[in-house]
Structures are given as structure tokens and as C-alpha cells.
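Visitor: Position chains B and C against the provided structure of chain A, taking the given hints into account.
Protein chains in written order, with the numbering used here: chain A, 1 to 322; chain B, 323 to 640; chain C, 641 to 986.
Honestly, I wouldn't trust all of these hints.
[To be verified] These stretches of chain B come out as covered by chain A in the derived footprint (C-beta under 8 angstroms, 3 or more residues):
(1) 411-422
(2) 465-477
(3) 484-498
(4) 599-608
(5) 618-626
Honestly, the hints are just simulated from the structure, not real lab data.
Beta carbons: idealized from backbone N, C-alpha and C, even for Gly.
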Amino acid sequence: MARFLARRLAQGVVIVWLVATATFLLLHLAPGDPVAASLDNPLTPPDVRAHWRHVYGLDRPLGEQYVRYLAGVAHGDFGFSVPHRESVAAVLADAVPNTLLLMGAALLAAFAVGMATGVAQSRRRGALDRGLGFFTLLVYSVPEFWLALMMMLVFAYRLRLFPVTGMFDPVMHPYFGFWGRLGDVAWHLVLPATTLALLGAAVVARFQRAAMLDVAHQDFIRTARAKGVPERGIVLRHQWRNALLPVITLFGLALPALLGGAVFVEKIFAWPGMGLLTVDAIGTRDYPLVTGSVIVGSALVVAGSLLADLLYAAADPRIREG
Amino acid sequence: MHFVAWGVYAVITLAAWRALGHLAAPHDMVPRAPRNPWSDVFGRLWEQRDGRVAIQVLVALIVLAALAPWLAPYSPIAQPDIVALHNLPPSLAHPFGTDFASRDVLSRVMYGARVSLPVALLAVAVSTTVGTLYGAVAGYAGGRTDAIMMRIIDAALAIPRLLLLIAILVLWGTVGAGALILLLGLTGWFGVSRLVRAEVLALRDRDMVVAARALGARNAAIIRRHVLPNVLSPVIVAATLGVANVILIEAGLSYLGIGVRPPAASWGNIIQDGADQIATLWWVSLFPGAAIIITVAAFNVVGDRLRDALDPRQLDGS
Amino acid sequence: MTAPLLAVRDLHTWFHTSAGIARAVDGVSFDVQPHETVGVVGESGCGKSVTSLSILRLIQRPGRIEPGSHIEFDGVDLLALDERAMRAIRGARISMIFQEPMTSLNPVFTVGDQVAEVVRVHSNASRREAMDRAVAMLGQVGVPAPAERAREYPHQLSGGLRQRVMIAMALVMSPSLLIADEPTTALDVTIQAQILELLAELRAKMGMSILLITHDMGVVAESCSRVLVMYAGEILEEAPVTTLFAAAHHPYTEGLLAAMPRMGHARERLAVIPGSVPPPTRWPQGCRFHDRCPYAWERCATEHPPLYQIGDGHVSRCHLADEPERRVQRVAGGKPERTAAGEAAR
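Bound-form chain A, shown alone (with noise of 0.2 angstroms):
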């Protein structure tokens, strides 16, 4: 077990690697050079120019500046943002959290429906089965940033039952004690994590259905049911127990697509997370922010696949020996 967990860990430093490079790549063989974006204004002089591309190294051979933007990364440090006037990595290490939180919420919401609404539909297979799948598919097939645009008109906006945008009310929030300021926070993070969940819970929930179905041909249910085990245990723990695996498969693979749909569910929100600094980035053109983002989003989804195949492990016996 111990094994494959180094192994596994391995494996993620060389995909972080790989992701590096090919984010170093990308800020090289971009028009203009790094430091121009910054020093977008023509009229500075070429001296200082000369001076801030001697800062930051670009005018060593390309060899030397890989080794030390890797070396950077390897100890987090990811350069500087200027529109932030700060380093890209205190920038992120503000933001990251925020992102994980609304991430964590959304995944834990998406994997409780999702399994619960694809073991409903494996169950009865008609008319709800029927419903709950077009269902699905509409809620699959939706642009995630439209969802947020219309639960927030909804919800925000006519309803008015939570508030428009923001992870916590930008008035109240240092006045609220512990309690009410996690209540504030929770408030706020309804609409982003319902949206994310929404469509995770979609996705999970066709995958679940699927994997129901498939387990449910297979000789040791007929074994089970041979043994006189009643119908509930056959589905929970025979059935379920092992259409948990794709599930959790799942896990790991929806972490990069998740990551993408926070992406907009934080613009739109205004949630001061990862996806936010990113999409503001665009406008700034703040190069080393986006690569950052790149960096640690990849990071992230390797983080997030080890859990995976952890959590698949502990469900498997069959794969745990290395």
C-alpha cells in the first residue's frame, strides 16, 4: 500500500513537471516577451526596458531561465503580478482556499445526489427512471456559466432569497461573531456550490445509474439472491458496494472540468477565489498569474486523482497490492 502510494506521489511531481514545462513553453513562445504586457506603455524607454528584462532574467540563455523558473515553482514561487502589485504565489495562497471551499462544497453535494438519484433510477426502471434521466441530460448538456446567470436571476434577483454575489457581506461580515460569520459564508455559498453541484450531480448520477445496471448482471448477485439475502442488502451491499468503483473513477477524472466550471461560477458570482483572479487576469494581461493558475489547477487535479485512487483503493481489495 505503501508502495503504491510512493509511486503514485511519483507519478504526480513528474505530471507537475510535465505541466510546468509545458506552461514555460507557452510563456516563450507567446508573441511579445513576458515582461512587455507589463510594460505595455510605449513610451518607456528601452533602458528600463532593458533593466526589468535583466531582472527578471530574460536575458539569459533559455536553458539557464528553465532551471530557475523550475526551480521557482518547486518552492512555489511563480513570479510576480503586477496588476496585484504582489508575488503570484501570496496572490493564489489568498485565493486557493476560497476556491477549494466552494469546490468541497459543491463536489460533496454533486456525489451524495448524484449516487442517491442513479440508485433510484437503477431501481425502478420506469417512469422516474424515465423523467430523472431527461432530466439529467438537460442539466448536463447546460453551459455552466448560463446556470449561474439564471440561478442568480432567479433566485438572487426575483426570489431574492440569497444574496447576488460575493463570499460574505461586505458590511456586516467583521462585525458577525464565529457563528454568524460562518453562517454569512454559508449564505453566500449556496448559489456558486448549487450551480457547480447541479451539474456534477448530473453527470454522477448517469455514471451511478450505469454502473448500477451493469453490477446488477453480474453472478454474485445471482448468488446473493441464492442465498436468500433480502432485497435491500443485495442492493446496498452487494450492488452498491461495488458500482461505487466507476464512481469513484469519476472522482478523479471530473476534477479538471470542475475546476473549469469554477472558473465562471466564480466570476459570475464575484466568489474571490482561483477562477476569479484568473478571468481577471485576462483583461490585465497578467501573464504570470495565468501561468500560476495553470500551475496550481493542475496541481490541484493531481492532488485531487491521488485522493481518487486512494479512496478507490480502500474500496477495492483487488487493487491494493501495488
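Guide: Chains B and C only, in chain A's frame:
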């Protein structure tokens, strides 16, 4: 530009149907009485009501998009009266209302199809081609080469596609439609390559390939006659589902302002037009979103049904 | 004659598919006495597995046990029971083991857990007690170091061990009837012998009956006291085992026996029964074997033969019982002669 796009799209469709024909050809080496293979797969698609409806929806969409210049009530870029006619809610004259520049939203949505659909189809053509080649080479080569190639894919799949696209588009600045299609295609082939590699690996060691090799057949011939038909099956399914996905991504990019840019209408950027004042201009965002949902759902259904129809094991009754 | 443990009368199990009604089991009747091993033999698709599943009412849609069928076990009408009562019987009074031990065991639970599950479902035993009984049973079926093995998963065991686990699961509650559906088909020959021996031993020790389903005549010869030969959803012949091997009546049985490769008999080609089983949606009128039968004549194509009494406990569904002089092979254009198969079986 549009004619080129439609031409390529038509060629792709025809090629796909021919490929489907090869697919229904024997997976094993037992000679079968010749039957029209197209109608076989198509028949299975058509049988199910949802597959039928989805295909009809897609055909209708394509026709609408193709005939938009003649069917649309107004020009999508005309701004007749920016003061009096802007921000009008849906009415008989403007079923989808007008936007901030007094442009008719219905016409814009119809023209949007002319952008979103071909972009998605072409992008998927790119990603399918690249992915199939890469996966086939990796699978057939095996050993260290395969391992390295797949590690690269693992890394590529770890990068959230949207973040990567944003990064590239930020760094490169404005790109034309062609470049956008290439970008979408080149960021989407990783999953396909894994699929193809898995199939090739499985087939490479299958008895019939070993037998063919033992009989002295050349590698290229083996690939063409045995490997390719079996590989095409999951690839076609992945391509169809991929189109659905790319439509969503392109819409997202256009929404963010880095995809298709105004005044050209793409469903994504029409949604953006209404987003800032969603509470009061909801119709501008609602309708293109609905168009996306219908289109993407139709592609998803067709993809699912294709997956069932191309499954060599016929499941009956359950 | 004591009351039979299991009495099956007129069992019809039909599958209602979009391609037609597949009459997988079409009018099967037989008894199983206490303490005996009855073999059901036939090729794939003859309905023997469906018969066994029907006894335990494990047939699922689109299959259905048709009205008019009757299954009585130890005086209880199984087809009239509600699902709960039936569940109480499955695994406790009638048990079943299947062909493929790997796929028949749940891969995510330990084998000890799965045996203990039977105990917990059918009694009030605590987890501890159930596991103890499971370990004890595993020991009885010949699993070495049962306490350690009980903590292992199915994929960690060999095929023979897995089948022993299946047997333990089936017998831990001491059922009176064990239905074994091809228990040795997926195993190596040496393991086969061990499993059959184990089953015989347990049958004697626990005093139960076994309904042994197989396509292997060798297994039948070794283990059973009485044999039923099935084909196309029907019983074609029923006889005590020695009678069957010495003096089989039905041409199909002859064919099966002739097809067994035997040591010491020099033969150039393996004898086969030509043709194949007709589809279950369209059983032929008349005798269902007639198109493959070397002796068939006009009556066979039109008149469905009943079970004729041949001897003591020996019945055969063949018109040859009525017109024995017809037992000559039809050879196109040549002289009719006794068949090699017929000779070999005698």
C-alpha cells in the same frame, strides 16, 4: 470562410457514414452474408424514440443554420435604432427581444448557429485525427515509447482545459476563427488518444491479429483491416460527445470575450451581452442558452445511442 | 416409496422476449428423493440451468414460471409462497452453487464475510458467532487454515478453493437439497475430482440430496444414482445410472455416450451428433430431436412422443419404445444398418 467550413463538414459527415459502414463489417473473421451496413447502425439509432428525436433536432438545427441568411427576420448586426429599439423584451415583432444595440436577438441566435456548430465540428475533427494517430502509435509501439507517450497524456489531462485555453488566449491575444478551431482541437485530443491506445493494445494481441501476422501480413495492412474498424467504434462515440463538449467550451470562451468576438454572433457572446444586466435583460441571455442546451443535449443523446448501437454485444430485453 | 423431497410437475418456464416466447423449460417433471444424488445432463441450451433456477424461483424478467407448473419441496408448494417465505428457504433449506466461482463471489468482501452473511441472514447469530460458524464450515469443506483464509478476498484464492468457499456458503445452514449447477466445469480435472469427492462426503455426512447439473457424462457416472437427460426443454430419458450407461434407450443418450472419448477404444474420429439444437422460440412439432436422430421416421416429425416406460425407474421419450423394430439407421440409398453409436452403447 463559411463555405469552406460547410464543405469540410459535409465531407466529414460523408466520411463518417462510410466509416460506420466499415464498422458494421465483421469484427471476427467469419464471413457474413453482405448486408447494407449503414442501415444496420442507422436502424438501431432510429428505433429508439430519443435517438430519432435527437437526430431530427440536429438536422433541423443544421438546416436552420444553413438557411439563416434567408430565414432570419432581421440582420444580426444591424442596429436600426439604438435609442428607441434597444433592450426591448420579447414581443411579436422580436420573439427573443432586442439587445443593448437594438439588434434582434432571434436573428443573432440563428446566425450564432452558423458559428458555433461548424467551429465545434471542425475542432472535433482536428482532435479526433490527432488523438487517433497518437493513440494508435502509442498502442502499437508499446514498451517505453508507449509509457512515455502516455505519461505526457496524463499531464495533459491534468490541466483543466478551460484554464489552459484561457492561458493560451491571454498570451497570444486575439486569434482568428481558424486559430480558435485549431486551439480547441489541439486541447481536446488527449482523451481520444487514450481510448484508441486501449483498443489498439487489446487488438494487437488478439488472436486474429497474431494470426494475420503469422500469415505474413504487413503492419499497415493489419492496421487498416483489423485494427481500424474496431477502433473507430469508440472514437465515433467520443467524437459525437466531443462536439457537445466543444460547443460548451466555445460558448464559455466567447462569453469571457476571448473566443468568437462581436459583432460576429456566437451563442456564448450573445449570453455575455445580457449578463451584465441579467436582472433586466434576461431574454438576451436566456434564449442563446436554451439553444445551446438543445443542441448539446441532442448531440449527447446521439452519442449515447451510437454507443449502444455500435456495441457488438446485442443486449435484448433488459 | 418414501415421499419425495422435491417434486417437480409440469414445469414450464418461458421467456417472453421481443423475438418470441422462448420455452426454455417445457413440461419437465421429476422427483428427488431424500439422500440421493440426481444428475441432470444435457448440452448447453437444453434448459437444465433454467430448471434449477426455477426451483429456487430465481428467474427474472422476461422469464416467468408459467401457471400450471407445480414445485413441491418437503410438502410445501414453493410456487405459492410469498417472497419472504421463499427467501427463508433459499440458502437455508435449498441451496445452490454455480459454475463460475470467481464471478459468483462478491469481489469486495472477504470470503469469511460472505459465508457468515448466510448465517446472519437466516438466524439471529451475532457477527462473532456467524463468523465462527463460517470458519468452521470452511474447515469442513477442506479449506486449509480456515481462520486466516476467511479474511482473504476471492481474487486471492485458487479456483478450487473458491468453489470450496461456494460450497461452504451453500451448506453452512445444513440445507436438505443442494442444487449444483455445473460445479466442476470451470475447474481443472484434478480439482474436479476433489470437489466431487467433497460433495459426496458432505452429502453422506449431512444427509442431504444433491441435484447435480452437468454436461459431462463422466461426472454423472461418478457421482449420481439417477440421471435425467434433458434436451430442448424436455426430459428425454430418466434412468438409474447403471442402467443408463449399460442400456440407454433414447437415441440422444446413445449419441451423448458415444461422443465421450474413451481410453482403450481406438477410433479415428470423435463421434458427433450432427446438427444443432433448434431455437427455443420454435421447437419443432413432434419429437424435438427428430431432425438429428439417426432412426427418425415419419411419425417422429408429427407426433410428440410421451414418456414411455422402458423398465423399472426407466422412461424414455422416444417412439422406438413403441416400435422397437425401427431401431435401424437410415442410410441414403444403402442398406439400413445398426448404428455404430447404438452398438457402442450396448
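Visitor: Now, for every hint given, state plainly whether the structure supports it.
Guide: Tested hints:
{"no.": "1", "hint": "411-422", "verdict": "violated (count 0)"}
{"no.": "2", "hint": "465-477", "verdict": "holds (count 4)"}
{"no.": "3", "hint": "484-498", "verdict": "holds (count 11)"}
{"no.": "4", "hint": "599-608", "verdict": "holds (count 5)"}
{"no.": "5", "hint": "618-626", "verdict": "holds (count 4)"}
The structure fails hint 1 only (numbered hints given earlier).
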